[in-house]
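So that you can map any letter, position 23 of the sequence shown is 123 in our numbering, and since no number is skipped, the others follow by simple counting.
There could be a bad hint or two in this list.
Okay, the calculated beta carbon distance ranges per label pair [as the list claims (entries may be wrong)]:
1. I129 <-> T186: 17 to 23 angstroms
2. T180 <-> L154: 17 to 23 angstroms
3. T183 <-> T145: 17 to 23 angstroms
4. A178 <-> C147: 18 to 24 angstroms
5. G111 <-> V139: 33 to 39 angstroms
6. F169 <-> R124: 25 to 31 angstroms
7. T180 <-> K123: 39 to 45 angstroms
8. L133 <-> S113: 28 to 34 angstroms
9. P187 <-> Q121: 35 to 41 angstroms
In case anyone wonders, no lab produced these hints; they're calculated from the structure.
Bear in mind the structure is a predicted one, so any value in this text is a computation, not a measurement.
Where a beta carbon is used, it is the ideal one built from N, C-alpha and C, also for glycine.
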Amino acid sequence: MKEPNSIHTGGASYLASQYTQGKRIQEIIGIMLTSSLIVHNCYFTLCNIKTEILTVFIYSVLGIIFADFISGLVHWYADTWGTLNTPLVGR
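Taking the hints into account, I'd like the entire structure generated from these sequences.
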């Protein structure tokens, strides 16, 4: 299938046709890894909250803000300059 020249000429149907099983597996692995890291982080946060409650709280909030910023930056970059042929995150 030929790639459309503009996002206004059926780009959504083209993207849907390029959604492979490998891409779905990549998403599932990402969700599982993220979930396990969140549980791991919550466990260690709760274990350490008794001794350094203010420090843990401040660093947790800063970590959330930083992670949100980096995630937004990556998505903006991919949406602005990425294509389906971008290595690792494309097809």
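We went through each hint and held it up to the structure:
1. I129 <-> T186: 17 to 23 angstroms: Since the Cβ atoms of I129 and T186 sit about 18 angstroms apart, the hinted range of 17 to 23 angstroms holds.
2. T180 <-> L154: 17 to 23 angstroms: Roughly 39 angstroms apart at Cβ, these two residues miss the hinted range, so it is violated.
3. T183 <-> T145: 17 to 23 angstroms: violated (39 angstroms)
4. A178 <-> C147: 18 to 24 angstroms: violated (36 angstroms)
5. G111 <-> V139: 33 to 39 angstroms: With a Cβ separation near 37 angstroms, G111 and V139 satisfy 33 to 39 angstroms, so the hint holds.
6. F169 <-> R124: 25 to 31 angstroms: The hinted range 25 to 31 angstroms holds for F169 and R124, with Cβ atoms some 28 angstroms apart.
7. T180 <-> K123: 39 to 45 angstroms: Once the Cβ atoms are compared, 20 angstroms apart, the range 39 to 45 angstroms for K123 and T180 is violated.
8. L133 <-> S113: 28 to 34 angstroms: holds (30 angstroms)
9. P187 <-> Q121: 35 to 41 angstroms: violated (19 angstroms)
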